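*Asks:* Chain by chain, the residues run as shown.
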Amino acid sequence: MTGANGAVSQPGFLSYPANPIATYNGVPGAGGTYTAVTPLWGSIPPANNAYYQAMNKALGATLKMSPADGNTYDQAVTAMIAGGKLPDWVQLPSWWNATFKTAELVGTQLADLTPYLGGDNIKQYPNLAAIPSNVWKVGSYNGKIYGLPSFFSGQAFSGTIYYRGDVFDSKGIKPSDITSIDALLALGKELTDAKGGVWAFEILWTYLTQPFGIPDKFSADGSGKLTHKYDLPQFTDALNWAYNLAKSGYVNPDAMASNDNKAKDRFWAGKSLVTGDGTGAWNGSDADSGIAANPGYRREAFVPFAADGKSTPTISLEGATSEISYLNAKLSADQIKECLRIADYLAAPYGSAEYTLINYGISGTDYTMGSGGPQYTDQGKKESQPQTYPFLCTSAQVVSNPGHDQVTKDICAWSAQAVKYAYKPVFFEVNLTVPSQLATADGAQPVEDTIKDVIRGRKKVSDFTDAVKGWKARGGNDVIKWYQDYADKNGTGQ
Amino acid sequence: MRARHNRSMDIGRVSGPALVVEAPAIRRVPPPPGTVTRRKQSWRTRLRRDKSLLIMTMPAVILVLVFSYLPMFGVATAFQYYDPVKGFFHSQWLGLENFRHLFADPLFWQALENTLAISAVQLILFFPIPIALAILLNSILSRRLRSAIQSIVYLPHFFSWVLVISIFQQVLGGGGLVNTFLRRHDMSTWNIMTDPHTFKLLVTAQAVWKEAGWSIIIFLAALAAIDTALYEAAAADGAGRWRRMWHITLPGLRGVIILLLVLRLGSALTVGFEQMFIQRDAVGHDAADVLDTYSYFYGIKTGDYSFGAAAGLFKSVVSLVLLYGANKVAHLFGQDGLYRKS
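Protein chains in written order, with our numbering: chain A, 21 to 514; chain W, 166 to 507.
The following block holds chain A by itself, in its conformation from the complex (with noise of 0.2 Å):
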């Protein structure tokens, strides 16, 4: 589905081939040995497994895969920059560019992959050339290339207010009829149930931007003027809404305490059944853990809604991709030549005999072929199935979740939906790092924890008023004024 400006909804596949077809001709390495950290949310797997064994027999080359924990993956790297020991191949996801300063880094410790990428030479790699030019530009630095993109698409959202779709089902709701604010808010009566143990809501902060139109950063009017999010009227009618959410007694009060990591437990229990999460937390493992824990469990998403009810809702297009890795500029024009090769085997499109190895494993070991796709077994669930390969380069994100049909249909419907709606925000596309001086005041961390009180129901709207008013005097300003400048200079990207 294609939807507004340039967004297209990710293909879904309810079958998958019987026989994968073998795509890529030969082997791609030339007996290198690399080292490669990527980040990990789930259990590593075990070092020189099967999995990593058949990957490097397949590849011609040894990759040492070292995954380490996502949660606390920018301290691991920021680490490895300070002490300048990048492995040879690095995932440095976007969200972290300003704490792995990214823009400093490219040229200095990451190569530049322009000579071997740039014009004709890219036909060389077959599967890197059917990415899209847009997608490339989220690793692009001054016009060079850099990156290489993992898990893009043309639909990047960063995530959606889920609900339970068998418990509204259960009860009557029609979730059709939420299409504002208000509406919302008033099924908090409905669904709670404190005395069982049952909340309506978690905090919804995060994830709110969608129905209030709050951009991620920055405005822009027609001439090209920039307002900070903190000073949009409806930042503030936001925080007015999750203050009187926290106060109502509907948000279930472990999530009053910040067990964020909590949250997805609390949500397969059936313990808060609206929740705001990101797009990577609907797919079939989790609909195994929901299934688990009630077997009528199926996650559903609102369609983008205005907060107001009557204006036409919008949701943000996040860059194409967030994933990004990097080869380490201390390696020869060879070595790179044969790592750009191993990317082009690990882009080998959805449903070969390549993307199966790299997804699923070796056959029989790892998984077996059911009717519905590849099921994991136990082996294939603690060394293929935690993404380890993916993480250094992907091809196009589809929607496919082998046992779990609904969830595929859902998602693409969910999707086909939502991309009416998306809009390109400021700077989209645009990597843009603040300069050092600035990056404490750009994070603005004593106004995000006022935030956080103010969406507790621990502190008032007008804290917030004054921690903004503090924030522009100890920095804030200097910040707003250094992003005016570079739009003015060279557009807001839009």
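Quick caveat, the hints were computed from the structure, so don't treat them as lab data.
Values in this document were obtained by computation on a predicted structure and should not be read as measured data.
Note that CB positions come from ideal geometry on N, CA and C, so glycine has one too.
Treat the hints with care, as some may be off.
Heads up, simulated DMTMM-like pairs for lysine to aspartate or glutamate below, C-alpha to C-alpha not over 25 Å straight-line [stated by the list, open to error]:
#1 K282(A) to D360(W)
#2 K365(W) to D483(A)
#3 K350(A) to D248(W)
#4 K492(A) to D140(A)
#5 K472(A) to D446(W)
#6 K330(A) to D251(A)
#7 K466(W) to E468(A)
#8 K365(W) to D469(A)
#9 K267(A) to D351(W)
Label pairs and their in silico Cβ distance ranges [stated by the list, open to error]:
#10 T226(A) to Q335(W): 22 to 28 Å
#11 L228(W) to M100(A): 21 to 27 Å
#12 T55(A) to V486(W): 43 to 49 Å
#13 A123(A) to L228(W): 35 to 41 Å
#14 G316(A) to V336(W): 27 to 33 Å
#15 G192(A) to V336(W): 34 to 40 Å
#16 R308(W) to T226(A): 54 to 60 Å
#17 Q335(W) to G46(A): 53 to 59 Å
#18 I41(A) to G252(W): 47 to 53 Å
#19 A123(A) to S432(W): 36 to 42 Å
#20 G298(A) to Q335(W): 25 to 31 Å
#21 A96(A) to W258(W): 26 to 32 Å
#22 A493(A) to W258(W): 49 to 55 Å
Sample of chain W residues facing chain A (criterion: CB under 8 Å; computed from the structure) [to be verified]:
#23 D248
#24 L272
#25 Q275
#26 Q315
#27 G338
#28 G340
#29 T345
#30 R348
#31 T359
#32 P361
#33 A447
#34 F462
#35 Y463
#36 G468
#37 D469
Knowing the structure of chain A, use the given hints to seat chain W on it.
*Replies:* Showing chain W alone in chain A's frame:
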């Protein structure tokens, strides 16, 4: 000053061979009986004498040198604008700018106030508890029962703070055991885990639950060193239980209590990091920020390493002054304190 040097109170002092020096030609007034005079031996003799002891301390000394003294060069980052890409030698020099910035930040003073307040609460409420527990435990006659209780009580010391706070959350939290019970019986809930006003007491309660058992070990050892004959003599003289405790037990523990007090005052500004970090969102940063979390959230996390280093340096300097001062006060009371130059 020499006269106060009561030999019988020296604990663990290595005494070398006593040399009474008498120069043959000059008649000296002999020193009063009972004191020991020593001539300062040449350092070579002392080295030979203590060689094996020095070698035994070598590993620990090297560890401290490499992991504590060497990294001290990093203190320079507090006076620079440290950029990890540029390294120590090429980062911009800022002098005292970071400290000026630090002292102008109201959140810093809030964090300092929280740190001192939590420290004071813990001193009053936490510090006496291991002493009381140790005295109680010591009075149990059955050895097996005593070991069993001791093992159970010091087990939480080995739990991580994440586990302890999760347990507290499960029992006392909004959706936890106590509150579910209250809700079921139509009573109002007790939101102790999210109340910023009682946070200092909550933190102390958690620390007591976790650490009190471990702290009794030192006191039990000190109690064991008290001569039981003293108790018997006092009982024979008609002293009741409380008088015996006041006149024998507590003075016997005095040395250890003051040592631990000095150490605690020296680390008054270190009230914990993990505990506050985990609960910061639950009670809000106004109540939960201490110097260490301030240094993390407003320094390291935003990439402003120098600012975090400046906050840390301030804390270290103040702690050093406190430690030195507390040690001096201990000397005034006639105790050895943390260290004493002999």
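*Asks:* A separate judgement is required for each hint: does it hold in the structure or not?
*Replies:* Verification of the hints:
Restraint check for K282(A) and D360(W): satisfied, since their Cα atoms lie roughly 20 Å apart, inside the 25 Å limit. A distance of roughly 23 Å separates the Cα atoms of K365(W) and D483(A); the hinted pair therefore holds under the 25 Å criterion. A distance of roughly 21 Å separates the Cα atoms of K350(A) and D248(W); the hinted pair therefore holds under the 25 Å criterion. About 48 Å separates the Cα atoms of K492(A) and D140(A), which puts this hinted pair outside 25 Å; it is violated.
Using a Cα cut-off of 25 Å, the hinted pair K472(A) and D446(W) holds, with the two alpha carbons roughly 7 Å apart. At most 25 Å may separate the alpha-carbon atoms for a hinted pair to count; K330(A) and D251(A) meet this at roughly 23 Å. Among the hinted pairs, K466(W) with E468(A) is consistent with the structure: their alpha-carbon atoms are about 13 Å apart, no more than 25 Å. At most 25 Å may separate the alpha-carbon atoms for a hinted pair to count; K365(W) and D469(A) meet this at roughly 19 Å.
Simply put, K267(A) and D351(W) have alpha-carbon atoms about 19 Å apart, close enough for the 25 Å limit, and the pair holds. Between T226(A) and Q335(W) the CB atoms are about 25 Å apart, so this pair conforms to the stated range of 22 to 28 Å. Hint check: L228(W) to M100(A), Cβ distance near 24 Å, so the stated range 21 to 27 Å holds. Distance hint for T55(A) and V486(W): a CB-CB separation of about 46 Å, consistent with the stated range 43 to 49 Å.
Our hint of 35 to 41 Å for A123(A) and L228(W) holds, since their Cβ atoms are close to 39 Å apart. Checked against the hint of 27 to 33 Å, the C-beta distance between G316(A) and V336(W) comes to roughly 31 Å, which is consistent with it. Judged by the Cβ atoms, the range 34 to 40 Å given for G192(A) and V336(W) holds: they are separated by roughly 37 Å. For R308(W) paired with T226(A), a C-beta distance near 58 Å keeps the hint of 54 to 60 Å intact.
Judged by the Cβ atoms, the range 53 to 59 Å given for Q335(W) and G46(A) holds: they are separated by roughly 57 Å. For the pair I41(A) and G252(W), the supplied restraint of 47 to 53 Å holds, since their beta-carbon distance comes to about 51 Å. The supplied range of 36 to 42 Å is met by A123(A) and S432(W), whose beta-carbon atoms lie about 41 Å from each other. A hinted range of 25 to 31 Å for the beta carbons of G298(A) and Q335(W) is consistent with their spacing of about 27 Å.
For the hinted restraint 26 to 32 Å between A96(A) and W258(W), the CB-CB distance of approximately 30 Å keeps it satisfied. Remark: the range hint 49 to 55 Å for A493(A) to W258(W) is contradicted by a beta-carbon distance near 26 Å. Proximity of D248(W) to chain A holds as hinted, the smallest CB-CB distance being about 6 Å (cut-off 8 Å). Annotation: L272(W) was flagged as interfacial toward chain A, and the flag holds, the nearest CB pair being 6 Å apart, inside 8 Å.
Evaluation of the Q275(W) hint against chain A yields a violated restraint, the C-beta minimum of about 11 Å exceeding 8 Å. Annotation: interface hint on Q315(W) violated; nearest CB of chain A at approximately 33 Å, more than 8 Å. For G338(W), the interface hint holds, since its Cβ comes within 8 Å of a Cβ in chain A; the closest pair sits about 6 Å apart. Interface restraint check: G340(W) against chain A, minimum CB-CB distance 4 Å, threshold 8 Å, status holds.
The beta carbon of T345(W) is positioned within 8 Å of a beta carbon in chain A (closest approach about 6 Å), and the interface hint is therefore held. Because the smallest distance between the Cβ of R348(W) and any Cβ of chain A comes to about 5 Å, under 8 Å, the interface hint for this residue holds. Annotation: T359(W) was flagged as interfacial toward chain A, and the flag holds, the nearest CB pair being 5 Å apart, inside 8 Å. Taking 8 Å as the C-beta contact cut-off toward chain A, the hint placing P361(W) at the interface holds, the least distance being around 7 Å.
The criterion of a C-beta within 8 Å of any C-beta in chain A is met by A447(W), whose closest approach is roughly 4 Å, and the hint holds. Residue-level restraint check for F462(W) holds (minimum Cβ-Cβ distance to chain A is 6 Å; threshold 8 Å). A distance limit of 8 Å between C-beta atoms decides the matter here; for Y463(W) the minimum to chain A is near 6 Å, and the interface restraint holds. Given hint, G468(W) at the interface with chain A, holds; its Cβ is 5 Å from that chain's nearest Cβ, closer than 8 Å.
Given hint, D469(W) at the interface with chain A, holds; its Cβ is 5 Å from that chain's nearest Cβ, closer than 8 Å.
In this structure, the hints that do not hold are numbers 4, 22, 25, 26, in rising order.
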